[in-house]
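Asker: Converting from the sequence shown to the numbering used here requires adding 8 to each position, the first position being numbered 1.
Hints in this document: simulated from the structure, not taken from any laboratory.
Fair warning: this is a prediction, and the values are worked out from it, not measured in the lab.
Mimicking DSSO-like on lysine-lysine, the simulated pairs with C-alpha atoms at most 27 Å apart in a straight line are:
#: 1; residue 1: 494; residue 2: 384
#: 2; residue 1: 475; residue 2: 353
#: 3; residue 1: 23; residue 2: 131
#: 4; residue 1: 198; residue 2: 185
#: 5; residue 1: 30; residue 2: 135
#: 6; residue 1: 40; residue 2: 51
Computed spacing ranges between beta-carbons, pair by pair:
#: 7; residue 1: 260; residue 2: 447; range: 32 to 38 Å
#: 8; residue 1: 232; residue 2: 170; range: 29 to 35 Å
#: 9; residue 1: 491; residue 2: 318; range: 52 to 58 Å
Virtual Cβ for every residue (Gly too), placed ideally from N, Cα, C.
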Amino acid sequence: MFKVLYVEDDFQSFKLVELVLKKHNIEVTLAKDGLEAIELTEKLVPDLIIMDINLPKLKGYEAAAIIKSNKATNHIPIIALTAVSDSNYEKLSMLAGCDAFYTKPIDPQKFGKEILKYIEQRKFEEKEIDFLSKEISVSLKHKTEELVKLEKTILNLNYKLNKILSSLPDAIFIIKKDFTIEYMNTEGLKLKILDNKFLNTSYFFDIFSTIDYNLEDLENNLNKFNKLSGIYLTLNNDSNRFFLTTFSFIDNNYLVTLKEITNIKKFEENVQHIEKLATIGQITSGIIHEINNPITAVKNYLSVLKNTINDEKQLSILEKIEFGIDRIFSLSNNLMTFTRKSSEKKYPLNLNHIIKSVFAFSEYEIKRGNVNVIFKLNENLPLILGNKTSIEQLVLNLLINANHAATENGNPEIHVKTYADDKKVFLEIEDNGNGIPEDIRDKIFEPFFTTKPEGKGTGLGLAIVKKIVEDHNANIMFDTGKNGTKFVISFPKYEKEYK
Numbered sequence: 009m010f011k012v013l014y015v016e017d018d019f020q021s022f023k024l025v026e027l028v029l030k031k032h033n034i035e036v037t038l039a040k041d042g043l044e045a046i047e048l049t050e051k052l053v054p055d056l057i058i059m060d061i062n063l064p065k066l067k068g069y070e071a072a073a074i075i076k077s078n079k080a081t082n083h084i085p086i087i088a089l090t091a092v093s094d095s096n097y098e099k100l101s102m103l104a105g106c107d108a109f110y111t112k113p114i115d116p117q118k119f120g121k122e123i124l125k126y127i128e129q130r131k132f133e134e135k136e137i138d139f140l141s142k143e144i145s146v147s148l149k150h151k152t153e154e155l156v157k158l159e160k161t162i163l164n165l166n167y168k169l170n171k172i173l174s175s176l177p178d179a180i181f182i183i184k185k186d187f188t189i190e191y192m193n194t195e196g197l198k199l200k201i202l203d204n205k206f207l208n209t210s211y212f213f214d215i216f217s218t219i220d221y222n223l224e225d226l227e228n229n230l231n232k233f234n235k236l237s238g239i240y241l242t243l244n245n246d247s248n249r250f251f252l253t254t255f256s257f258i259d260n261n262y263l264v265t266l267k268e269i270t271n272i273k274k275f276e277e278n279v280q281h282i283e284k285l286a287t288i289g290q291i292t293s294g295i296i297h298e299i300n301n302p303i304t305a306v307k308n309y310l311s312v313l314k315n316t317i318n319d320e321k322q323l324s325i326l327e328k329i330e331f332g333i334d335r336i337f338s339l340s341n342n343l344m345t346f347t348r349k350s351s352e353k354k355y356p357l358n359l360n361h362i363i364k365s366v367f368a369f370s371e372y373e374i375k376r377g378n379v380n381v382i383f384k385l386n387e388n389l390p391l392i393l394g395n396k397t398s399i400e401q402l403v404l405n406l407l408i409n410a411n412h413a414a415t416e417n418g419n420p421e422i423h424v425k426t427y428a429d430d431k432k433v434f435l436e437i438e439d440n441g442n443g444i445p446e447d448i449r450d451k452i453f454e455p456f457f458t459t460k461p462e463g464k465g466t467g468l469g470l471a472i473v474k475k476i477v478e479d480h481n482a483n484i485m486f487d488t489g490k491n492g493t494k495f496v497i498s499f500p501k502y503e504k505e506y507k
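Please construct the entire structure, taking both the sequences and the accompanying hints into account.
Answerer: In structure tokens:
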């Protein structure tokens, strides 16, 4: 049975409509005014509302407008029914949301059929809409699930691709034909942010410069061949870094890969220098012998001369000369030690003795920079097992490194300390320089890496130290900050008694 709410203040009119509709199996409920109509509509949710226009408290079209503005009731059809045949009332009713307009008196034969047809038609439409809505909802749900699944697949592939590209040791850029950057992997980003002025740039050649090509020729060749390899680039903010580069044209963009070859070029540049150093080492021994022979003769003649002179002033001068000669002997003997080819054999060594010997050799260079060297050597230091020449080289390299760092300070100091625990013998060399910059701390042991000006260092000092440490089953650590750097080397303690 269908339900109709009839809003009518005339009871006789209500009874007539009720009688007509009951024949069509339609239950009719009475609302006497517009306010009651709104209340009963929300409570009953009828299949249709018949609304009189001239009502007390609230006009019919006003009540219709309120009902249609409510989401819970705006689907209910409203039929306006009034005794006033005024076109303005009809317009107001239709504007308020009424679906049809009837005037009294009604035709009992037609009115009931038309109301029933109205309800049945609306129910059919609602079923159709509900069915279509469900079909569309199911279809949309499936399509949404497929799209979500596809999106997840794409995101996963993008994640994997980015992870692969970011893990590559080479820098990778995707750039447009005008050389603006579309994408860069992690290594590429590291190069871009080396200089703050490049942070916001998107132009590739703001960051890099070509070596063999001018930019116009490079662009012409790319347009002609779509691929160029073996192109050398440098960083605009660091011309000492070199990259072997390939440009490949893909999907209207250029894929650019940059392989850093800085160390290779440095190696090529330093090989000749190292060979020269090796040659110098080979001939140093002969030169020292040539120096020592005449110096020995001078020393012998000086001893004879001292025995023939009684004048204190002259003897004082001769003693100063003799002191200088002894100093030359000491320096040449120390130099001989360092140029002598290292043996692979290891012997028990006193680390304190080596430190003193090395310092005697390097004292002049250190004191020339007004560096104050403070020793705190444990006199009961246990022995270590090592190659004497290699350990001497290690100490010398660390002293030289500390000396260079300390001279950056107005009051340069180097602290050299030895001590031991149950299993280890420790060497500490600390300077009060400006510390090692954070961005290069992981590179200081790399061969040929140096912060010194070109020609001032080979970049091998700390690399050699690291190699010697590894050869002696030792460990090296460093602590650095704005107040200086401290290197700590721990050697295994020699357990056997040495005579």
